[in-house]
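Kindly produce the complete structure, drawing on both the sequences and the hints.
Its first residue numbered 499, the sequence shown is counted upward by one per residue in the working numbering.
Hints in this document: simulated from the structure, not taken from any laboratory. Heads up, a few of these hints could be off.
[To be verified] Distance ranges between label pairs, derived from CB positions:
#, residue 1, residue 2, range
1, S595, F656, 35 to 41 Å
2, A634, D521, 39 to 45 Å
3, N600, G535, 24 to 30 Å
[Unchecked claim] Taking lysine-lysine pairs in the DSSO-like style, the calculated list, with each CA pair at most 27 Å apart, reads:
#, residue 1, residue 2
4, K610, K578
5, K554, K616
6, K560, K616
Remember, predicted model here, so these are calculated numbers, not experimental data. All residues carry an ideal CB built from backbone N, CA and C; glycine is no exception.
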Amino acid sequence: MRGQWLGSYQGNTQGVVTVELDDLGDHYEGMAYVYPGNQGVPSIAGAVTTADKSDKFSSQIKLDVIDLRYGMLVAWDSVKQNYPGVSLDPTIDTSWSCDRQNNVLEIDFNSKSGGSGKAHLLRSDGSRPPERKPLANVQSWAAFKEYALTRDPNRYVFRGQESSAWRLRTFFHRSGRPRMVPQQALSTVANVDEHRRVYCLQ
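Written as C-alpha cells, this is what we have:
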C-alpha cells in the first residue's frame, strides 16, 4: 500500500483525492488530501495511521482544512467564515480496501452529519515513460516564454526538469518517497499545491 495514490471521489460532493503512505515497518502512515470540484466547499486533509499492514482496514480521520491561499493546513474555525452555509465534522469514518495486484485503492467514507461517498484511486508510478511529448517548436528559453505566456495563467503550472524522458514528478516522488508532509509536522506549512500540480498534470 506504500506509495502515492491519485484518483477521484463521488458522494455528496465530487472531486479529486491524493493519498500518500509511507511504510513504517509494521504499519503505514501518511496523509489524505481531498479537493472538491465545488469551490464553495473547503478542501480537507487528514493524517492516516494503520494498525498493521492489512489490505483492508477502517480508520477515523481527524480533519483539517487546506487553506489554498497559503498552502497551509488550518483549523476549520479559522476559515469557516469563508464558506457560508457549510458545516464540517471534525472527523470522518473511513473504510479502506487495497487491490495490490491491480494497484487500486478504494475508500468508503461517512461523517456524523450524513456526508458519505466513495473514492477510487490508482497507484502513481513515476518510473513509467511519460505520455506527454515535448513541443517540437520549443527549443529555447525565448520560445518557451512565448508559448507559456499564451496559456491561461490560472490553469497551467510549468515545471522544468533535467530529462524529457521522465514523467512529470517532483524529485521527491521520483526518489521513492511518497509522503511530502511528515507526521510530526502536520501543524506546519504543507506544500499542498504540489499535490494539485502532480495530479492535474498526469
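Against the structure, the hints:
{"no.": "1", "hint": "S595 - F656: 35 to 41 Å", "verdict": "holds (37 Å)"}
{"no.": "2", "hint": "A634 - D521: 39 to 45 Å", "verdict": "holds (41 Å)"}
{"no.": "3", "hint": "N600 - G535: 24 to 30 Å", "verdict": "holds (26 Å)"}
{"no.": "4", "hint": "K610 - K578", "verdict": "holds (18 Å)"}
{"no.": "5", "hint": "K554 - K616", "verdict": "holds (15 Å)"}
{"no.": "6", "hint": "K560 - K616", "verdict": "holds (18 Å)"}
Violated hints for the displayed structure: none, as all numbered hints are satisfied.
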